[in-house]
Structures are given as C-alpha cells and as structure tokens.
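Guided by the hints, dock chain B onto chain A, whose structure is given.
Chains as they are written, first to last, in this note's numbering: chain A, 1 to 202; chain B, 1 to 337.
A couple of the hints might just be wrong.
A few chain B residues that face chain A, going by a derived Cβ cut-off under 10 Å, partial list only [to be verified]:
| hint | residue |
| --- | --- |
| 1 | Y45 |
| 2 | E66 |
| 3 | S68 |
| 4 | R72 |
| 5 | H76 |
| 6 | R91 |
| 7 | I94 |
| 8 | V172 |
| 9 | A173 |
| 10 | L247 |
| 11 | T248 |
| 12 | V260 |
| 13 | G295 |
| 14 | V312 |
By construction, these hints were calculated from the structure, which means they are not laboratory data.
Ideal Cβ positions, reconstructed from N, Cα and C, are used throughout, including at glycine.
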Amino acid sequence: MPNVAMTHSSDDRISALADGELSENEASAVFAKIGVDAGAVARWDSYHLIGDVLRGTGAAGIDRAAFAARLAAEPAIIAAPRRARAPIVAAPSLRSGRTWLSAAAGIAAAALVGWVALPNFWSGATGTLAQTAAAPMTPIKPAAMTASTTATAAPVRPAVVPIAHGVDDYLLAHQRYSSTSAMQGAVPYVRLVTEEAKEPRQ
Amino acid sequence: MSRPRRRTSHLLAAVLLPAFAALPLQVSAQKPAAPSAFDWLQRLYQATGKLSYAGTFVYQHGHQSESSRITRIVDHTGTQERIELLDGSPREIIRIGDEVRAILPASMTVRVERGASTRPLLPMLPSQLTDIASVYDIKKGETERIAGYQAQAILLAPKDAMRYGHKFWADVATGMLLKAQTFDERREVVEQFMFTSLKIGQIPRTDLRSRFQNLGPDWRVEEAGPPGASSEIPWVLKSAPPGFRKLTEMRRTFAGNVEVHHMVISDGLASISVFIEPDGRNKPNPPPLGLSRQGAINIFTRKVDNHMITVVGEAPGACVEAIAAGLAPRTTALAKP
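Okay, chain A solo, but in the shape it has when bound (with noise of 0.2 Å):
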C-alpha cells in the first residue's frame, strides 16, 4: 500500500471525489488535477483500495505507473464535468436512498479509472496500456456495508480487473449468443463500444 498523507488537504478532496461528495465544479478541479501529478494518481488508488478492502472487493490489477503516464499524456481523456452528468438517474434502483451527485461523481470517478483501463475492443490496435494481469477473483464475503460506502455507483468495481486486450474477439463471438440477445438483438453489443480516445489508433 503506498504511503498516504492524510493530512493534506487535496488528499481529502481526492478522498471526498472517490467517495461521492464534491460538487460537479470541485470533482473537476480535482480530475485536473489527477491528470498532470502522478503522486495525486497514487493517491486517488489507494483511496480505492481502501475503499475496496472495507467493501471486501478485492485487489487490483491495474499497472499504476503505465496509467499515470498514460493520464500524464492525454489530459484530453479527462471528460470529468460531462461524465459527471450522466443520466444515472434513469436508474433509481441500482442504490436505494443515493443522491443522484454522489451517483454521478462515483460514476465520474469509475468512468476516468475504467475508461482507461478498459481497451477500445474493437480498434484492433495495441494500445499503450502496460499488459495487466487480472487479478484471480477470490471468494467475496460480503463486508458490513455501512451507510457511508456511497462510493461506487454502481455496485461491481470491474475497473478493478480490467479485461486485457487479446479477449475482444471472444467477447464480441459471444455477444450473438448472450443471454437476452434473443430479446434484444444487437443491444448487447452495446457493452462492447466503449469509448474511444480522442486520436485515432494506427
């Protein structure tokens, strides 16, 4: 676990981000800021491993250096105010009794670490992503979820074990057969057009 200061004060700004608590003008400030200092990227992971020991979700399998140079790199990637604003509200139902911010700055937060993460599956190019190893899931019992675990939006942390590059065609061969395919047609292939970086890929 790298050393964390807690005392800082953007570190409790880094840490509210990843709970959910800034304001769409504060959490942008702070992806600002995550994007161009690499000791604010490490701090932002451990937050979440801690945040993923409490919930009991495991470890992860990012490589932190190749993520930071690749922040380092693209500050375009950090779309913070627009992903803040996504229509999570659509589905009240994922969590009972969350404020819809606190939702979407979860939301925020996960899409700058999993978007990242994730490879473009269908561009077919290497990306620059250091090759992960995913970490085996481990049996999950569940933590005593307090009250205050409004981090995450969504329940499930995948960013956690991102899905390296070479399983794009066995998903997208899978897709034709997935499970509610026969009632949704092609609405699953959805899953597989994340977003793509701003500059094109040789």
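Below, chain B without anything else, positioned relative to chain A:
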C-alpha cells in the same frame, strides 16, 4: 297474453335464446385466471421476434453507462436494427439479418461480425423456456410505468450460485421488453437496460439509415471469417453446472488467422461461450489466465493439453470456472492441434 305480446315474446326468445346458449361457451373460453409468470416470460420472448420499434434507452454495465437510440424494423425482409450511441463519439451498431457491424468514427474502423449463414441470432426455443423453470424460480412482480407504458415485472431468481438473477419488465399490451436487470451473487445489479422513450409499431425505414455513408479509404474494416460447421470435435463437456447443456458449436477464425473451436452452452437463459484453440504464441496479447470480469461478464481461461480454453458468459465466476474445469479432450478421436 295477447297475441302481439306472445309474438313479441316468441321473437325475443328466438333472438335471445341462441345468445344465452352461446354465453356459457364464451365464459368457459375466457380463462378468468391471470397469466402466470411463465406465460409472461414466453410472451416476452415471442414479442421480440415480431415487433418493430424505435426509442431511446440507457444501458448500464459495470461502470459504463450509455444512452442510445435504437430503431428496429421486422418485416418480410427480416430484421434490421440500428443503434446510435448518444454520448461521446457517435458510434453505431448496425444489424442486418445475420450480420452485425460496429462503426467507430474516432478510430475510423468498422468491425463486422457474422453468424453462420443459416443461423439467425439465437432464438429462444420453447423447450429451453421449460428448462429455465428447473434452475430459476419464476415469479411475477409489481406493475410499473416505464417510458409511458404499463409494465409487468417478472423475476427470475436463481436456484443456485451458478447463475445470475434477472428481472424483466414487459409491456402489458405487447409483451415487449421495456427494462431488464441482471443481479450477481450478492444480489447487486451488474447490468441494467431501460427504455426512456419508446414507440412500438410502424417505423419509417429511413430511420435505419446510418449517418456514415461512403466511408473513405482512410477507414479500416475488420472482419473475422464467418464461422464454419464443426467437423471433428476434439473436446467434450464432461460436466457442467445444473441445467446447462450444449446448444451449438462451430469453427471460427479470429484475427491473426487463429482457428478456434466455439461451443455455446446455456441453461435456457444464461449462455456461456467456450473457445478452444491450440496454445500458440500467435496472439500478440493473449488473455490473462484465470478469472477476469467486466460488469455481468466473467471470463475464465486455462491451459489444458497444449490448448487454451477460454470461457465467456453472463454468469458468476464460479460457473465459468466450473465449465472450464468440465472440459476434457475426447479420448477416442485424435485431433491435430
């Protein structure tokens, strides 16, 4: 009675008696009982094959959330669909019959996926629906209003830890799927699909037209070869979690000319794909060994006998792992890797 009245009463009897005679038959033909949860599920599956519609939906999977517009037309020419993502770059998914294309403008790529030419997207067979009841508890839920439609909720609770739970909301009038949730082993929603606006019925064909016409030479089209029939099947599924059985199998060629054997197994609702290929080094980024997860999808890979087995599906990690463990090389036929 006076004569006119008798005539009238006879006339009335002549008119009314047949009606009364028919009435008991009508009453018995109309079942007073409400459709069961299973009836709702059947109707849900059947409606999709027939309905044309257009609308906007939100699809949440893992930590991704996208709004999209969908147009779907079913007519004598078959089924055509167009999905246009409304957030971020204007990606499109176009489905014409058996072929699905993804148009990705930011990377100027079109990815094409075809099924076997004789097989449409997997329809749910009635016999599979019956199998569902052996591994899921099917119950009716509440009625709710979704996108302006009255919807009936249907809950499918898994009977063991080898599958996810599902909740579907069907339009009361047409049976169409309006909303769907997938629950993992912790009873948490890992995937949700929901219409926010919807029109069922006659849809103009012009709505199917992609915004990407006349793609220039800068664009790249990636296409895997269409799957072929499986001749020699070098592997068998010796054991599988309850309710799962093999639906189909085929040979596929993935990027880099990798020949892969693809087997699909299902418990009637959840489907799992098994991919078996020689364990070579021709893939530049082979998937990691063990378990990976994205939203509702779990992937498990293992090496057996100089082969790489990859199991993919919307089921808990324990299930894909059990299926991977249940595969063994066929001992009789000798297949060259």
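Evaluated hints:
no.: 1; hint: Y45; result: 6 Å, holds
no.: 2; hint: E66; result: 6 Å, holds
no.: 3; hint: S68; result: 6 Å, holds
no.: 4; hint: R72; result: 6 Å, holds
no.: 5; hint: H76; result: 18 Å, violated
no.: 6; hint: R91; result: 5 Å, holds
no.: 7; hint: I94; result: 8 Å, holds
no.: 8; hint: V172; result: 16 Å, violated
no.: 9; hint: A173; result: 17 Å, violated
no.: 10; hint: L247; result: 7 Å, holds
no.: 11; hint: T248; result: 8 Å, holds
no.: 12; hint: V260; result: 8 Å, holds
no.: 13; hint: G295; result: 5 Å, holds
no.: 14; hint: V312; result: 5 Å, holds
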